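Trainee: Given chain X, work out where chain G should sit, using these hints.
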Amino acid sequence: NAGVTQTPKFRILKIGQSMTLQCTQDMNHNYMYWYRQDPGMGLKLIYYSVGAGITDKGEVPNGYNVSRSTTEDFPLRLELAAPSQTSVYFCASKKQGSGPYEQYFGPGTRLTVT
Amino acid sequence: AQSVTQLDSQVPVFEEAPVELRCNYSSSVSVYLFWYVQYPNQGLQLLLKYLSGSTLVKGINGFEAEFNKSQTSFHLRKPSVHISDTAEYFCAVSADKAAGNKLTFGGGTRVLVKP
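Sequences listed follow chains X and G, in order.
For our numbering, count along the first sequence from 1 and bump the result up by 470.
For our numbering, count along the second sequence from 1 and bump the result up by 72.
The hints are simulated quantities; they were obtained by calculation from the structure and are not laboratory data.
Certain hints may be false.
Calculated pairs, DSS-like style, for lysine-lysine (alpha carbon to alpha carbon, straight line, at most 30 Å) [to be verified]:
#: 1; chain 1: X; residue 1: Lys479; chain 2: X; residue 2: Lys565
#: 2; chain 1: G; residue 1: Lys174; chain 2: G; residue 2: Lys121
#: 3; chain 1: X; residue 1: Lys565; chain 2: G; residue 2: Lys130
#: 4; chain 1: G; residue 1: Lys130; chain 2: G; residue 2: Lys186
#: 5; chain 1: G; residue 1: Lys121; chain 2: X; residue 2: Lys479
#: 6; chain 1: G; residue 1: Lys121; chain 2: G; residue 2: Lys141
#: 7; chain 1: X; residue 1: Lys565; chain 2: G; residue 2: Lys174
#: 8; chain 1: G; residue 1: Lys174; chain 2: X; residue 2: Lys527
#: 9; chain 1: X; residue 1: Lys514; chain 2: X; residue 2: Lys479
#: 10; chain 1: G; residue 1: Lys121; chain 2: X; residue 2: Lys514
#: 11; chain 1: G; residue 1: Lys130; chain 2: X; residue 2: Lys514
#: 12; chain 1: G; residue 1: Lys121; chain 2: X; residue 2: Lys565
#: 13; chain 1: X; residue 1: Lys527; chain 2: X; residue 2: Lys479
#: 14; chain 1: G; residue 1: Lys141; chain 2: X; residue 2: Lys565
#: 15; chain 1: G; residue 1: Lys174; chain 2: X; residue 2: Lys514
#: 16; chain 1: X; residue 1: Lys565; chain 2: X; residue 2: Lys514
#: 17; chain 1: X; residue 1: Lys527; chain 2: X; residue 2: Lys514
All figures in this text were calculated on a predicted structure; none of them were measured in a lab.
Next comes chain X alone, as it looks inside the complex (with noise of 0.2 Å):
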C-alpha cells in the first residue's frame, strides 16, 4: 500500500492563481481530510468528506474547494490565490464509522502564493 499521496510535493503560485492539490489514498478509507499548517499554529481543518459525494466545512474553509466523486480521491482547489494561502497542505485519510481510529496522513504539499 503507498497510503495516502499527495501531489505536487512543492508549487509557487502567483496572487490570483488557481490550482488544486491533489490526494489519494488506497487503504479503502471512507473518511479523508485536508488540513493546513501554519507555523507555530498546529493544524486546521479545512474540508472533511466520511465518503463519496458527501463534503463538509472544516474550521478555515474560505477560499477553498473540494470533491468527493471517488473513495479514493479528494482534490483540494484554490481559486484566486492570495499571499495569506501560503502553508503548507496535509490530506489524510481514515477508516469509516466512528471509535479511535488514526488517521493517516500525506507528506504534505508545500505551496507559496507571491
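Mentor: Frame of chain X; chain G shown alone:
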C-alpha cells in the same frame, strides 16, 4: 467544541535525558486523545492514543502518555531521548461522537535533542 493547549512551544533537551511534553484539553463530551509526531519535512504519524481503560498508554519509540481526567491533561514522556527524537509533536483530541471524527490539534511542541 474541543480545544487543545500545548504548554511549551519548544523543548531543548540533551541526549539520554528524559523529556515531558505537556498537553491540556477542554471538552464538554468524552474524547479520544492522540499524540502525533512530525519529523522534518514529513507528514504526521501516530505515536499513541488513549481510548479508555488504563490511564497510562504506551506508544512507539519508547514514548508513553498519561491521561488525567480531573486535570484534563494528556502529557507525553520519554525516559531517555535520542537525537532521532528531534521532531515536532502534536497533541490532538477527537470527540467520540463528533461528525466526521474530526481532530482538533494543539499548536505543537518542537523538541530539539542536543548531543
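Trainee: What hint numbers does the structure not satisfy?
Mentor: none
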